[in-house]
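Novice: Here are the chains, one letter per residue:
2 protein chains.
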Amino acid sequence: MELKPTKPLSGFIELLPAAQRFVDECASRMLGVLKTAGFSYLDLPAIERAEVLTDKDNWDEIETQMYLFQKGDTKMGLRYDGTVGLSRYVAGHLNNLTFPFRASQFSKRYRGERAQRGRFREFYQMDMDIMDINSLSTNYDAEIIAVIQRTLDSVSEFIGDNYVLVGSRPFWDALFDYLKLTDDQKKEIFILIDKRDKIGDQEFAEWLSDVLKNEKLENEIKSVFTNGYTGFVNKSDNLDAAIKELDDFMKTLSNFGVKNAKIDLSVTRGLAYYTGLVFEFKLKSYPELGTAAGGGRYANLTEKFSKTKIIGVGAAIGFSRIFVGLLESGKIDLTQFENPIVAAVLPMGNFSVPFAVDVVNKLRAKNIVAVAYLDAEKKFKNQIEYADKIGAKFSLIIGEDEVKSKEISAKNMATGEQQKLSVADTVKLLKTA
Amino acid sequence: MELKPTKPLSGFIELLPAAQRFVDECASRMLGVLKTAGFSYLDLPAIERAEVLTDKDNWDEIETQMYLFQKGDTKMGLRYDGTVGLSRYVAGHLNNLTFPFRASQFSKRYRGERAQRGRFREFYQMDMDIMDINSLSTNYDAEIIAVIQRTLDSVSEFIGDNYVLVGSRPFWDALFDYLKLTDDQKKEIFILIDKRDKIGDQEFAEWLSDVLKNEKLENEIKSVFTNGYTGFVNKSDNLDAAIKELDDFMKTLSNFGVKNAKIDLSVTRGLAYYTGLVFEFKLKSYPELGTAAGGGRYANLTEKFSKTKIIGVGAAIGFSRIFVGLLESGKIDLTQFENPIVAAVLPMGNFSVPFAVDVVNKLRAKNIVAVAYLDAEKKFKNQIEYADKIGAKFSLIIGEDEVKSKEISAKNMATGEQQKLSVADTVKLLKTA
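Note that the protein sequences, when read in sequence, are chains A and B. Counting in the working numbering, the first sequence runs from 18 upward without gaps. Counting in the working numbering, the second sequence runs from 18 upward without gaps.
Source of the hints: derived by calculation from the structure; they are not laboratory data. Every clue listed holds true.
Repeated chains share a single entry, so a pair holds when one copy, or any two copies, can fit it.
Restricting the straight-line Cα-Cα distance to at most 16 angstroms, the calculated cross-link-like pairs of lysine to aspartate or glutamate (EDC-like) are:
(1) Lys88 to Glu130
(2) Lys395 to Glu417
(3) Lys279 to Asp178
(4) Lys321 to Glu19
(5) Lys21 to Glu320
(6) Lys324 to Glu19
(7) Lys215 to Glu305
(8) Lys24 to Asp60
If we strip away everything but chain A, and leave its shape as in the complex, we get (with noise of 0.2 angstroms):
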């Protein structure tokens, strides 16, 4: 019989225990930083009804990507992000919610592109949503991303220092209509400026030529990039709330003790439905991981799905991006999380599993990591070479003398260190071990 492949699809993510037991740690210091936030974790399907994951304004990109399947008369398919979901929940929940509402989640997500290096098939995504009906303070967009940097200082150990960038929507809209471009030029340039990271200044300034025609606005819109909004100071009322609103902003993020924060206008989010400020979290020392984090706000979240107007302000962090990004760079040292077994009891025969048992229950119900081995015929060597390989730190051992005394035979795997001590005195020993 032909055996089948172990390997699993391109694109998909399974780690080896101690690297699971890194990103499992992660994760939950980070969702520990949320939960003190005040904010509703949220377990929404990973399937959603086609209509509703398709036809998201110029998502085309996108839909060629997603996950998509029939089953009866249903067409559906595998969420790709987190605010789909979200937007239909809220949707449908308006009047069980209390407003502001602060949700987050955190799930794995779905898009079927080319998988490559740090591009996955399957990811995690950790989201953090606030929403307002019909208004909501630029407060909690500061609150949002001062959340975010929280849940990345708490794993600052790992992943270093981080800096945000902020940008703006409304200041390219102002200046759009400054400069007078058509609202297909408009439309083709901020795909344009999305891509400038990629694609790099050359081709970018060709680009931007072949669309304008016109060196002089080609000038303006290229020094954005150098010189910030200061060439566009007392143009356009428009301009000038834009740029007002971003200086403010930046002002509330230092109240809100936001560290390494700056403008930078070419930080747009692509060409997803945000409508206000913008903003994107990198790592100091990992830049070749890209964006850590990003998000914005939006005006309108439940248009689709609802006659309420619910404003609002989200990020998601790249989860997989980032912890499996460092792993498969081999830059995490996982020696902290490879043994996780405090204490490994051996049983010299099977009339002492019993006696071990009871010492295995007693260790557990005091927190403490302990596994018997229970193949108890096997030899004292099979067995202390298996508490060595699992890199339990104390092996306790149970043979007839053992039994007959309900004394324990404490080796420190570490040290050879041998002695005898009650089951009370070994959860003692083993509590500070």
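Please build the complex by placing chain B on the supplied structure of chain A, with the hints as guidance.
Specialist: Chain B alone, transformed into the frame defined by chain A:
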């Protein structure tokens, strides 16, 4: 524009925040039990190659229920259980794992069956497996049962007490041989035994008669459901061996501290891959939820993937079946999960936002769940209503006086009592709230 539907697809689960907190609390306690029992948590892909999912002996019924689809040239589908991925993973990492290997999983699975109450198309199961190469003591079967009971006991305040029924595949094999059934009869009767619970004694007897057409044989088989193995002692070596294994195992279970265990030979775990002892957990107070957990021993987990023989014992807890089932029955009092917010910080105008944010950050740093109402220009009435709606234990009101004095007006929302406190004293007060 026509609005899109806000309900999730039929058979898919999404919960309001308090219900979600309830299931999260249960999952967290249960996973804690598995962690201290030394299980390595695995997070495997939800999508597998179609060839990995299908062609599992006798699983036709599940195959028609699978979500299968194609992307490019690759046929794939969503996992319907945790075992198929585990088999592939273990076979692919034989040299990177230490045996006996303890694996746990907690993940979504997918079955496109007709949706009905308590039957979900997307649902969580919590798996645990212990595997070794070539041999594994039945002590590990007892360990798995003991660990499942501890996970269920960790949430007994919600689900009440549990009991476990133990069956034996070898008993039925030996009985069929003793009764000299043909291979076709063996298979048909085994399917029938699995269906007995659903179809009832009367229909079972009729079908049995259709297959066997021999009243004496029919009565022998029916006697198992009334008298257990008592009619089959000293009939054949294989029967005696199976009976002795069961009796010995019940003593082992008692050594492992398992309570409420009894032999029930009608438990067979259907047509799955089990080859030895099998078991099912039920909840005493909730018979309508059916089987809370089930599992057993398999002789060769990885045979489709590897020539190395992996023998193991494993089980799955029907997490969504239990907890979403209980929520749907209305039997869970969610009061304690409604209001996780300890402090609502209310800034009386934008000038007090910086101090409010500072207070919020200090509280969160001490793991106190705190949110600020950041539309700070809104009236006191709106803000205190919000604090009331989210069930905040304390409102921390920050007006002009408070900003000047760096003190906080802390209002106990239950008693209405209000006092002025320093930030440090506020933290102290809320730490015990």
